[in-house]
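Place chain B on chain A using the hints.
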Amino acid sequence: MKVPFTWLKDFTPVTLKLSELMWKMTEIGITTESCKKINGEVVLDAEVTPNRPDWLSIFGIAREVAVLHGSSAKLPKYVEIPSPTGNLPIKIKVDSGLSGRYVGVTIEGISAKPSPAWMQKRLKLVSLRPINNLVDITNYVMLELGVPIHVFDYDKFLSNNLSMKLSKGGEKFTSVDGLSYALPKNCIIIEDENRVIDLCGIKGGDNTGISNSTKNIFIHVPIYNPVLIRKTSQRLKISSDASYIYERGANEGGALDSLKRVVELTLKLAGGKVASEVIDTRNQGDYKPKELTVSISRIKDILEIDIENKQIINILKQLNLSPTLSAGRIICLIPSYRSDLNIEEDLIEEVARIYGYNNFPKTLPRGSVATEKLPYYYDRNFEIKLKNIMQGVGYYETNTLALTSKVTIKKSQLNLDNHVKIANPVSLEYEYMRTSIIPRLLEAIKINSDEERLQLFEYNKIYFGPLDKSKEPYMLSAIIKGGKYIDIKGVVDTLLEKLQIGKFNMKPTAAKKGLWHPKKSGVIEMKKDILGTVGELSPLVLQNFDIKEKLFALELDVYTLSKHSRSATFHTPAKYPAQIEDLSLVIPKGVGIGKLISSIKSVSRLISNVELVDTYKDSYTFRVWYQNPRKTLTDKDVKNIRSKILKRIKVLFGVKYKV
Amino acid sequence: MQEKIQNIKNEALAQIMEAKNRSELEKLRISYLGRNGKVQEIFKKLKKIKIEERKHVGNLANGAKKAIENAIDEKKIELASDLLNLKEWFDLSMPGKKNGIGYLHPQTQVLTEILDIFKYLGYQVADGPEIETDYYNFEILNFPKDHPARDAQQTMFFDTSGTKYKPGEMVPRTHTSSMQGRVMERTKPPFKVIVPGRCFRYEQVDASHGIEFWHVEGFTVDKNVRFTDLLGTIEYVLKSLFGSDAKIRFATTYFPFVEPGLDAYLQCTVCSGKGCTFCKRTGWSEIMPAGMIHPSVLKKTGIDPNKWNGFAFAIGLSRVVTLRYKIDDLRILHTPDVRILKQF
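So the protein lines, in turn, are chains A and B.
Going letter by letter, the first sequence gives residues 1 to 659 in this note's numbering.
Going letter by letter, the second sequence gives residues 1 to 344 in this note's numbering.
Just chain A, same shape as in the assembly (with noise of 0.2 Å):
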């Protein structure tokens, strides 16, 4: 809402600073940051809340302004509109549920022509362009008043029938700016002889506009439907400042006091003489102000300020409330024009924001502390510990965006269907929520080309369809470049160690498509659950991203990951050396390493470890811990455990030991 200053002060003086106004007015909820200079003149830029459509007029923020300075703003005085003289008869059929209030009025004989240049100029430093004296009054008290209002050109209306319907559906309208649609179904329009000549709300129509040569004028404030004209609105996608204000809803008590003023400047400066009665769907004495009660206990329990109640009385007189003090509650009378009061609270808020929030004393809250478990409770104490794992091993937290494209999923041989989809998304790089990290790791692979080595994780949620039974796991993804499949693996070992997780089954991936390498890839399983997939990732989705080197990931789910972890057990350090010796065995190919080493642990007790060392084309050393915790093993013990750990791995793996 463009407020110039001058216009602010036809109705309240206006003695502080303009920085220091411009902050007091945000403080109080009319939210000002800027202001311009135009012609001269200075210019307000006040954001409006959609709940005070009555800030939507200069003299509505003039009110708020007087509040302020402490006093209240001057009324503009409206001048009864003279019984008619001329003879311009018009009726409307208007339905209630489309306009709850109609007002309107027929001038005969008037001279269009400019409107005078204190007019203009006001006009232009809101940016609205002058027309002609009629159309210009129309606006001007629309923007001073806040209710809007329309003026049609008597002598084109077909008939001095109109009615006020919804439309069917494919009625043609051409608006004043001319341009031309075929309608939807349900707009408000008016039409006489049946064509529209009106679309309610947010456009007059070309055929009944006003011209230079118009004579005779036909003058409508309607209050309509704000469900009806915000849908209208957004079907046709066109907005004007009149379906603004009607959106929000515009004060039906303040539409008569609107057509008096209009009817006042369009006598005063285009002439003519009222030709008909005022039409008024309503009466005036609908509109009498409403009683709203707060109790002043209620007040001074909730804001906690030390407040006299004369000080609230004053508050809410200055905000036109009318306030009356009885036993303990205060009396409001809320004017039409404050829809936004309807309960306790609103009036509380009232004397919270006049005195001023950054005038109260700050306190803590004085209640307890609630020790069962919320629902939707989140335990980030395990979030934490995954990160610092990670960070601890040496990866780089990366957290990237939710949103994906079809082209990335695609790259990614990821499946579309499962990918939760905007119906109207910003672009479409971000149409798809992810069903997967890894993408995004990829991307960052390319970000840091210059990087040889590069270890990066994130830790967030994953979203699957369908949308019926969505679900959003959070997972702890990892990408190393530069490295090799013991990195990664190595990652994942130390993960499962930190977090106390047993012995676990790897499976390999196999499928085709997706993001992983079908052979040189595995699944994680822990009893029945997957904790997740580990290893080099698939050289087609490589391709895809234009990545030329191997690249090795991980993506576990964090529920699986937290519900298998454990709480450390103490074991005593044992009192007595350990025997330790190397082993070199020729390992036959497809043997894995780590069942070997499983297999060697599970020969006996008193084997407390046993390590890889040393790799040599197909000749593994393995370092063995024998120990008991209890005395010193002599070499004949060893040597015993030895011989079952050789047998054990020949019959099982056909290993022979090289002497």
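There could be a bad hint or two in this list.
Cβ-to-Cβ under 10 Å is the rule here; a few derived chain A residues that face chain B [claimed, not checked]:
hint, residue
1, I302
2, V369
3, N424
4, S427
5, S567
6, N609
7, E611
Result set (DSSO-like, lysine-lysine): computed pairs, CA atoms no more than 30 Å apart in a straight line [what the hints assert, rightly or not]:
hint, chain 1, residue 1, chain 2, residue 2
8, A, K484, A, K421
9, B, K97, A, K237
10, B, K274, A, K362
11, B, K280, A, K362
12, A, K461, B, K166
13, B, K188, A, K469
14, A, K519, A, K406
15, A, K644, A, K595
16, B, K188, A, K471
17, A, K489, A, K601
18, A, K362, B, K247
19, A, K489, B, K97
20, B, K4, B, K50
21, A, K172, A, K231
22, A, K471, B, K166
23, A, K385, B, K274
24, A, K362, B, K307
25, A, K156, A, K168
26, A, K406, B, K164
27, B, K307, A, K290
28, B, K164, A, K469
29, B, K145, A, K471
30, A, K185, B, K247
31, A, K385, B, K97
32, A, K24, B, K326
33, A, K24, B, K239
34, B, K166, A, K410
35, A, K373, B, K97
36, B, K97, A, K498
37, A, K362, A, K74
38, B, K342, A, K548
39, B, K342, A, K484
40, A, K589, A, K631
Keep in mind the hints are simulated off the structure, nothing from the lab.
Predicted model only: the values in this text are computed from it and were never measured.
For every residue, glycine included, the Cβ atom is placed at its ideal position computed from N, Cα and C.
For chain B alone, kept in the frame of chain A given last:
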């Protein structure tokens, strides 16, 4: 006696000076200072000396003992001089080898800080769906259908074709406030809840706007919650995050789910209020919209507004991160460039 002590001392010092290695030195130490050493013999003989002379002789013996000990220590150092001297120059300034360190994302770090502040205030962390229903995202929060209040949150909608939902019924949540309805429907007060999470809006992407951004939602319901509790909580949180010198001010604003509604502004930490690109030249940054929970929201979730009330707020996490580290482009927060990630 005194002469004897003097002789022992001189003899010891001379031999120590001549010692060629540590084991020789150790032998000397034992022979003089050991349990049966020459100095110890003197101490044993002290009892036989006349009382008037005992003190003086004792002092002499102690002096001798100390001199011998010092001589041994210094000789040790001299013998080790080989080890303690340098043949070549040693470079203390050599860059250290940093073991492969990883980095946590700046947002993770700031979020941890924020959640710790709230843990201190007694809040529990909750997490909920980003794929949300219109009901929880808008309706239960007092945004009527077809009302301009919804325009302030430019909403994207999910494609519902082939599902049981009507168009417009499912949305990527536009704010974490969607969790208010979910939690409040399923639990009884009193409670304090904090919800960090990703939100989505239909925006043209630029340096200060993104389609995806992070919020931290908080809300509490209890008996007799005061407006001043809300102001105090906001001040406490912002000062904990930005320092006790942080300047804060409040302005009235409107959200359908709170009444009174307000916005908390933080004086721009980048330009100290002078005006810069971070604060759109105003010197202040909007950082925490908040308000007292609207009674109709409480009613809709089955909480009696006559017995209970509360407040709610949202912290723009993405904005806090950019202010904290003086990052001038929101897009940096989701760009996985290691030159960025390494800085935190």
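| field | Restraint check for K156/A with K168/A, where alpha carbons must lie at most 30 Å apart | value | Answer holds: K156/A to K168/A is near 24 Å, not above 30 Å.
| said: Need the status of pair K274/B, K362/A: alpha-carbon distance at most 30 Å? | reply: Measuring from Cα to Cα gives roughly 26 Å; hence the hint holds.
| message | Checking one constraint from the list: CA of K489/A to CA of K97/B, max 30 Å. Satisfied? | response | Between K489/A and K97/B the Cα gap is close to 25 Å, so the pair holds against 30 Å.
| request: Measure nothing beyond the straight line between the CA atoms of K471/A and K166/B; if it is 30 Å or shorter, mark the hint as holding. | output: Distance of about 19 Å is within 30 Å: holds.
| task | Could you grab the alpha-carbon distance between K373/A and K97/B and see if it respects the 30 Å cut-off? | result | Violated. K373/A to K97/B sits at ~45 Å, over the 30 Å cutoff.
| query | Are K4/B and K50/B close enough, with their CA atoms no more than 30 Å apart? | reply | Given pair K4/B, K50/B holds - Cα atoms ~16 Å apart, limit 30 Å.
| Within 30 Å, alpha carbon to alpha carbon, are K461/A and K166/B? | Given that 30 Å is the threshold and the Cα spacing comes to 25 Å, the pair holds.
| Given the hint that K385/A pairs with K97/B, does the C-alpha gap stay at or below 30 Å? | Distance ~26 Å between K385/A and K97/B Cα, so the pair holds.
| message | Next pair to validate is K172/A with K231/A; report whether the Cα-Cα distance is within 30 Å. | response | Since the Cα atoms of K172/A and K231/A sit roughly 18 Å apart, the hinted pair holds (cutoff 30 Å).
| Are the Cα atoms of K185/A and K247/B separated by 30 Å or less? | 54 Å, violated
| said: Need the status of pair K362/A, K247/B: alpha-carbon distance at most 30 Å? | reply: 14 Å, holds
| query | Straight-line Cα separation of K484/A and K421/A no greater than 30 Å? | reply | 36 Å, violated
Hints 5, 6, 7, 8, 9, 23, 30, 35, 37 and 40, counting from the list given before, are not met by this structure.
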